[in-house]
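Participant: Each chain, letter by letter, is given below.
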Amino acid sequence: MENNKSYIKIDNVSMWYPVKSGIKLFAKEKQWVKAVDKVSLEMEEGEVLGVIGESGCGKSTLGRILARLENPTDGDVYIDNVSTGELMKRNSKEFRRLVQIVFQNPYDSFTPRDTIENILMRPLKIHSIAGSDEEKRRICIETLESGGLHPGEDIMKRYPHELSGGQLQRISILRAMLLNPKFIIADEPVSMLDVSVRADIINMLLNLSKEKNAAVVFISHDISLTRYISDKIAVMYLGRIVEYGESDEIIKNPKHPYTQALISNCGSIDPDEIMDRISIVGEPPTPINPGPGCYFAPRCFKANKECLIKYPAAYDLGNGHYAACDRLNNE
Amino acid sequence: SEPASAQAPAEEKVLIVRAIGDPMSFNPDTLPDDNNYPIVQNIFNRLVKLDTSKQIIPDLASKWEVSEDGKDITFYLREDAKWHDGNKVTSKDIKYTFDTIKANETYYMSTRLGIVDSIETPDDYTVVFKMNKADVSFIADLGWYGTFILPEHLFNNGQKWEDNPASKNPVGSGPFKFSEFKQGESITLVPNKDYHEGSPKLDKLIFSIIPDDATAVQALINGDIDMFENVPAGNVEELKADGNIRLALNEYPSPMRIIFNLKDKAVQDVNLRKAIATAINKEEISQKIYAGVQKPEYNMYPSLIKWASNSEETSPHFNIEEAKKILEDAGYKKDANGFYVTGLTLDVFEGSGYPEAAKLIEATLAQAGIDIEVQVHEYNAWSEKVGTRRDFMLEMQGGFMGPDPAALAKRFGTGQASNYADYSSAEFDALCEQGAATGDQAKRAEYYKKAQALLVKDLPYVPIVTFAGYDANRSDYINLPIDGTGKWGWAEFTYTDLAAN
Amino acid sequence: MERVLELKDFNVTYVNKYKKVYAVKNANLQIQKGDSLGIVGESGSGKSTLAMALLRLLPEKSTEISGTANFIGKDITKLSKTELQKMRWKELAVVFQKSMNSLSPVHRIGTQIEDIYRVHHPDASREEIFKRIEYLLQLVNLSGRVYNLYPHELSGGMLQRVSIAISLMHNPKLLILDEATTALDVVTQGQILDEILKMEKELDMTRIMITHDMSVVSTSCNKVAIMYAGEFMEIGYVKDVLKNPKHPYTKGLLSSFPSLKGEKSKLEAIDGFLPDLSKLYDGCIFAPRCQSAMDKCFKAKPRKLETDEGFLLNCHLYGGEN
Amino acid sequence: MKRYIGKRLLTGLLTIIIVFAINFIIIRLAPGDPIKTLMGKETDDPVLKAALEHKYGLDKPLPTQFVMYLKTALTGDLGTSIIYNRPVTDMIGEKLGATILLVLTAAILSLFIGTLMGIMAARREGSFIDVAFSGISYVLNSMPSFWLGLMLIIVFSSRLNLLPTYGMTNARANYTGMKYILDVIVHMILPVGTLLLIEIPIYFRIAKSSVLQVTNEDFIVTFRATGMNEKKIFNKYIFRNAILPTITIFGISLAYLITGVALIEIVFAWPGTGRLVLTAITQRDYPTLMGIYLVMSVSIAVVMMIVDIVYAVFDPRIRY
Amino acid sequence: MKLDVKNIFKKIREFIAKDIQLKCGFYGIILLLLVVIFASGLASHNPYDFGPDILNRIGQNGHLLGTNNMGQDIYSMIIYGTRTSLKVAVISALISAAIGTLVGGIAGYFGKNVDQFVSEIINIFMMLPTFFLILLIIALFGNSIVNVMIVIGLTTWPSNAKLMRAQALSLRERTFVKAGTAMGESRLQILFKYIIPNGIFPVIANTTVGMSNAILTEAGLSFLGLGDPNVISWGQMIYSGKAYITSAWWISTFAGLAIVITVIIFYLLGDGLNHVLNPKRIGRGGA
Ligand SMILES: Nc1ncnc2c1ncn2[C@@H]1O[C@H](COP(=O)(O)OP(=O)(O)OP(=O)(O)O)[C@@H](O)[C@H]1O
Ligand SMILES: Nc1ncnc2c1ncn2[C@@H]1O[C@H](COP(=O)(O)OP(=O)(O)OP(=O)(O)O)[C@@H](O)[C@H]1O
Ligand SMILES: [Mg+2]
Ligand SMILES: [Mg+2]
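Residue numbers (our numbering), protein chains in the order written: chain A, 1013 to 1343; chain B, -19 to 481; chain C, 16 to 337; chain D, 72 to 391; chain E, 120 to 406.
Think of the hints as simulated: they come from the structure by calculation, not from any bench. Check each hint, because a few of them may be wrong.
To be verified - 35 Å max Cα-Cα, derived DSBU-like pairs, lysine-lysine: (1) K216(C) <-> K1314(A); (2) K1224(A) <-> K1264(A); (3) K162(B) <-> K78(D); (4) K34(C) <-> K129(E).
This is chain A alone, in the form it adopts within the complex (with noise of 0.2 Å):
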């Protein structure tokens, strides 16, 4: 990989877990679950992505190697050219400083025990920002009020129990805004919250991310919020990215037969549109050995028999959209 232009560079990175089953006695091969398979992907500063894909795909997953919660059984990261495995291990503070991550359930983002004030106060201290308590304090007040969240002092004062769930999503990603990160991963942030208080939660965490120039990967399953949010996205199936491109692309001209039915299947609140879902049969796949062939393949409604054999690469179809199907051709 040459190129330096890119921001962020996720350079073939696999998770797999090994499964437990004792069912089995004297299995031989090690059984995996490939949460995450060779994935690569690259963004630019202040680029959102959105990551879509049915559950248990691997976007969490992918999500928490990003943000380095857990690291990949292979491959590697880069953040600006250097390897965020090395950046943990040269200074862990640094790094958790220029990544942040904000989860998909806002009430259970905050240990209950503790007031917001405590909350807010826990990164400054950890990463030692601003001098007296005061301060801190000052600057939480700030960053609170900011995002709307007014008055600041009383916010501060209550437990997480006492706000509502907008509330609480809006505080998390402010608080992973209190440490100016370049790189910020968005797990599902509103899937947990009623649609009515969704919008502000987005705008606001775009609106952030504009402000400070970060780069934000965005993971929903909701596709048509994802549209409406990222730049780019791409879509996994099975711990691979089977297709990736400029948003709008994506959903208007998708290539991949996986994205195309779950393009289709995505209803929208206009009856008048006409469904045209494209059905999947089979059940759904486990992410355990999937291969060898294409993982979609058993479901595939344009699989044949090549499918099976081998796992597809990535075709370049102009303007950055890829996609990984060796049906395309045939087209």
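Go by the hints and put chains B, C, D and E with the ligands onto chain A.
Facilitator: Chains B, C, D and E with the ligands alone, transformed into the frame defined by chain A:
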């Protein structure tokens, strides 16, 4: 009302005696075992035995004589004694028994038999112990632990007694035959109809194991057992009030005493020891802890053995002021807390009311300005600390000092193993030696009383209370061991019978 | 048209030691045979409570139910225990959201299905049951294999299908799906929705679909009821309500959904949050969050505009004088 | 499953060895030794002492003794009691039966009674029965067992004259056959009763709380919604799910009983292993002590394993 | 930080109001603590005084609950015995809870090999015949109350460790723990700031049961004559009163009663805490 369980077939006379634990072995000579002692006394005989007042009375030996120089003791055996299997008991059995004990260092009496040079059997019913030293107290020791006569024809098969099958299935010459042993439950004996003193009256004698005193008391009250040796002092009043139960006092020459470790600087001053002795309220201990059953003991040798005990010169009586005065006179000064002496410790073991007694002592000593800390140990730990390591200042112990005053030499003679105080007085040793060398009781009393006077002067120990306890039994039984002073052994049931009514 | 369910001034209140929670207030609703009604509302708006109350599954000690709920001619709220047991599942069945926990973890699925079947057909033979179940499982695209499995051996999607199959066991007149597809991913959800629509045609069923996802309603229902804080805000045909929402709340809700393929218009949120349901409010319950709220909105309840078909609009903007 | 059992056996073995080593060390570091008991309280004869120490090998270094002991123990020989000069295996064998009889009877009865009470209380939560049962269980749970035992003796044996005071059989009458069995049963009433009173609350609490918990599970709502009657829901579904914690507790409390029964054995003069341990401790009878610890650890390990397996049978979610 | 005492009291009151058992247990503990603090004021006599009144009946010579054979005032002994019992209960339970929390927390949070290893150790300790071990150690190494407390603490921690481990296992998957890691907290910081404070409640509830057991164990040891003679404890009062159980029943009966009441208080507290802190019990939708 008679409880259901007591309604045994009327014609069977079964006496149930409470036992605390399992006997270690049914061979009565290998170990000194409190649990099998009362049992084997009914299965085996000795040359002589002790009665309930702890005096020597004849057993297999109908009479005995000591030679002029005190070195030969001749026992004349009764000729009607038979083993349970019908063989006669002869002098050979006696020689065999003691020769074997002497040859095995691990048998209890082995060391003591060191003074016996040889045992001769001029005929079937005469035994002569030839000793290298005059010691009349040896006769008394023959009535104590580990001296039961065993049948040579059953034991002499080349096997050691421990492993000998004959030890597991005891055949003796005593009033009862061994019948059954259920470990943890009971030992059953049946009468030996051919016993040389006549057949026992009981149909069965059962020693039933009940570890807990409180349960045993209830069992006695309920008639589940018939006899309970040494009931807890706390239950005495209640049991006395029970018409079905008869209580009789059983006293032992085993006073509770405090021993000073004379090797330890802290108690080397005799004035301090005197002050301590003066500040112990024996009366209070006797009343509060033993309900008056165990009496205050002032004599240095147990007053129970009257002929040998010196009641003239005794340890001091309780007097706090006197104690303080002794200290003042000896030059002790009060510290800020009002103590003349601090830093003393008293090691006692758990049980028998000792810790409680120690606490009372601690309290009265404090009044006299002597600060003492009581340390309570589990028995084995105590024994290790006090007995083996001799690591103590003051300790409290009991232990048999009878039946012969020769025990004084064992407990306080220079260099003796049981001399915890490490007392050493040439004069005392000489007096003891003289006492042991003569058979004349009046003379012996004189020597031992003098020795006691020495102990009063030096105070290596302070006697506190006598050891005594009530034997409780169902009142419909007569001729229990407790009734046999001068007549039968202290745990012997040969004559026990239901009262005729 | 045959009326399957008619709610009149239906109220459900949770009562405990410290407070009352007014979870459903003065609900009026009509469902005709063959209808598929979507009930949409945010979390905590009382959707599940309504469903549970219709099945009389709420603990009697801690809930108060008033009003009437006529279900094919009988008032559910007044049924006796035995009548109730007869009605349940045979005529009125439900699929719960948490299908993971909706079957006993220590019994085989087949055993549980048999037991449920025998509730209404005590003498049914195993073959008969098996045949029926196999048919139903096929309907939801599952193999008969699951019959001998334990719940934990199935994935969430499969369990959800099992739950749906079980609910169809006796061809109920009314099926309530309480967030039955929410936990599933879009592909599976789409599949199940397809199957439900298919079955509906086959079995001639009436359906209530509880969800907070507008797109589910738009693709699978003909009528929709918008619920907010225990009250219905707007009820009407899907094509009318979603295309041309009237109630400010409905409008706000719809503008929170970005369009999939259309223009990327700015997402709007509704400020504030759900009111405390343990208090009773004088005015319109939505007024504090409503952008077009007027003075009277805070003072008086809007008059409900109702039509014969059971359509409703609960807003001062459209109501006449009270 | 096989592998699981294998693993359990291995850890069980490891446990036993460790338990063993701990005990060995603790016992040997402790002051005092069996020689004192053998010599009797009345003598301190050093010659006798040395001779006895030599005889029992207590003069050898500790590690040597441990290895020697382990070696013989592995061959199934627990050695010979120093105090009683009998094979430890025999001594334990004779008394194990009595303890198991007591423990199992009490455990099984309390399991049934306690669980039943718990279920009754849970089904009528807040009713008089619930309050009464809960209150009783609190009080019983708080009583020192020996105290309770003594009270039962005073009431039922001394005052009411209904039951024998102590022991396992009537010492006076040497019953055989059916009469013997009846005799043992009569003697068991009080000690088993004491254990029952102590154990019932444990099962009561666990049964009550797990029934209540399962009753609130979502799947119970499903069954209600199908119109299934409450009886069937309870008997088939709540019960089977709620019984699971009880199985675990049964194992734990059985293990607890095996050791905790000692006090009861003393109070009722019951000839069991618990008492054997206590005597062995005071007498420092090393081989016996080690032997009983071994037997106890093994039986606890076995009980735990059986319980785990039974649990797996009842709960299909458990996979090994 | 300023401590708002009033507020804390209010919070406690609200907290305990949730459950009647918790309420009883809480006030019971307060009562016991008051007894401990004001023991010398409450006692009518010095319980260490061996007065001349032997075996006085209830009320005789101003002895509220009579005296024992040593002339000690039973009522005063009971009052002072509270100290011993609470001390034994609290200290041994604290030792047990501290070890259990730490071991369990480390096992559960660190996971993997650490967990496997520590879990095996926990299992091994679970299988130790605890009572006999306690007995052995006390019998062998001296029966001071300090030893009793330490030994009970050292032998009863495995149940706490199991609870804490289970808690830690689930807590480590909780979002706020992951968020903490992402924030840059070190592993030990996570353990002490997130895992332990959030997972300790079952341990606390269990600890109250442990306290009850400690009191009962102390009594059991006393029954075997292994109590500490230098302190006044209820267990020893029962032990020494055993011989008088039918003649002077008051010696041991009131001590027994005191044990029962105290243990019940701890049980109530534990059950109450369990109820309040275990959200499962609070109706989860439906019946
Ligand atoms: N620690 C782990 N050990 C073993 N398997 C794991 C682990 N974490 C995740 N997995 C497995 O890896 C796969 C991917 O999980 P992941 O949570 O990343 O999916 P996801 O796309 O985020 O799904 P969702 O949309 O449900 O959040 C799943 O099959 C999951 O079971
Ligand atoms: N048992 C109960 N006691 C008291 N209040 C309750 C109870 N169950 C539910 N509630 C309250 O009733 C209201 C309605 O709850 P309900 O579960 O019906 O909402 P919902 O619309 O189904 O929400 P969701 O979309 O989250 O499932 C909520 O405010 C809830 O907190
Ligand atoms: Mg995820
Ligand atoms: Mg709901």
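Participant: Confirm or reject each hint.
Facilitator: Here is how each hint holds up against the structure:
1. K216(C) <-> K1314(A): Given pair K216(C), K1314(A) holds - Cα atoms ~29 Å apart, limit 35 Å.
2. K1224(A) <-> K1264(A): holds (30 Å)
3. K162(B) <-> K78(D): Given pair K162(B), K78(D) is violated - Cα atoms ~40 Å apart, limit 35 Å.
4. K34(C) <-> K129(E): holds (19 Å)
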